Amino acid sequence: MEDGDRRMVEEVGVALKKLPWCGGISSFPKHMEITDLWRFLGPRWLSNENEDVLMHLLRYELDSAGCTGVELANESGLFAKKLIQAYHTHKTATDQADTYAYSRGFQWIRKIGHALAMHKCRHLAALANLTENHWIAILVDVDKHTIRYGDSMGSWCNMDAELKAALRWWTQFHTGYDFTITDLPITEQPAGDGYPCGLLSWNALEAYLLGNPDLLVDKRKLMIERFCAFLRVINIHNDQVSISSVILLKVAHLTSVISNHQ
Amino acid sequence: MSEEDQHSTQPEIKDEDANAPINVKVVSSTGDEVFFKIKRSTKLSKLQGAYAAKVGKDVGSIRFLYDGSRISETDTPASLDMEDNDTIDVMVEQVGGCH
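Protein chains in written order, with UniProt numbering: chain G, 1 to 262; chain Z, 1 to 99.
One or more of the hints may lead you astray.
Unchecked claim - Computed list of lysine-lysine pairs in DSS-like fashion (alpha-carbon distance at most 30 Å, straight line): (1) Z:46 to G:30; (2) G:164 to Z:25; (3) G:144 to G:111; (4) G:120 to G:30; (5) G:30 to Z:43; (6) G:111 to Z:43; (7) Z:25 to G:111; (8) G:111 to Z:37.
Simulated from the structure, these hints should not be mistaken for laboratory data. The structure presented is a predicted model; accordingly, all values stated were derived computationally and were not measured.
Let's have the full structure, built from the sequences with the hints guiding it.
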């Protein structure tokens, strides 16, 4: 193990000692629990809760880097499934109120499609899990009329046929253009390692949206990359907790000054 | 009825409408639908519990989403501005590692 990797493992140990047993991750949406992060610390399949955490981390990184015009699909896994539902509804609905264009159930997807069509955002990034055991990445580039597909175990040629048809229909429906499908650069999953697709799919979006192919993780260091992702989330949490503590101390100090003065 | 009487009855009518039950469709990721009738002031957590019991799953393992966002424990149809025949999406926990 290299010195840098050893230091990171030690940092994880220190971070774990400081973390509370339960509670939410500060600066992240309320439902994200610290306990959900356990899957990052070993060879485990990542859940949609974990992917949501990573997508919020990506939002932080994009904001910090000044990258605008990127829509990140909330609730990992939902976007692709809802899109496929919309595609089927579009083909089969007989009542106008049930169609994709009018149904309130598809309103939030329509809003995203409309934002892309109006160039309010240039990219849509989403993580999908259609087979209930494998995460893949989807990136819609509205300027280039391209849908990029990132699969750590294959190319877009192996893409789910329904997803492919739904994405092509949806982008055409909103923009009027036929989008081409191509690969999103992604680290290949090593043979015999059946755990990293959740991390690699997210990492492919991160590297592409931040415009830095060097961010693609080294497939020989996947465990270290899991630790790295864990630490990045925990550092944001700790920063927020520290800020809150400083504010509380200042409020307590001001309160005591005021009461003494009275 | 005098004009004054008419004015005095208006708020009651509004209250009744505000609490009138609405029909809500709960749709799974496979497209299966379950219908509920619920008062606009009733917490959606009650509907969530009933849905979980109906499909035989632990309520903690299911995500309930309205308009693409997670429904919280305190949300009601009124607080989310839900309308009659609106849809709630449900997703069970997903994990992934390999094919």
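Hints, verified against the model:
Taken as a hint, the residue 46 of chain Z and residue 30 of chain G pair is honoured in the structure, with Cα atoms around 20 Å apart against an allowance of 30 Å. Our distance criterion of 30 Å between C-alpha atoms is met by residue 164 of chain G and residue 25 of chain Z, whose separation comes to about 27 Å. About 20 Å separates the Cα atoms of residue 144 of chain G and residue 111 of chain G, which keeps this hinted pair within 30 Å; it holds. As the CA atoms of residue 120 of chain G and residue 30 of chain G are separated by approximately 27 Å, the hinted pair is consistent with the 30 Å bound.
Proximity of residue 30 of chain G to residue 43 of chain Z is assessed by CA-CA distance (about 18 Å); at most 30 Å being required, the pair is judged to hold. At roughly 27 Å between alpha-carbon atoms, residue 111 of chain G and residue 43 of chain Z fall within 30 Å of each other, so this suggested pair holds. Between residue 25 of chain Z and residue 111 of chain G the CA atoms are separated by roughly 21 Å; this keeps the pair inside 30 Å, and the hint holds. For the proposed pair residue 111 of chain G and residue 37 of chain Z, the alpha carbon gap of about 27 Å is at most 30 Å, so the pair holds.
Of the numbered hints given earlier, the model fails none.
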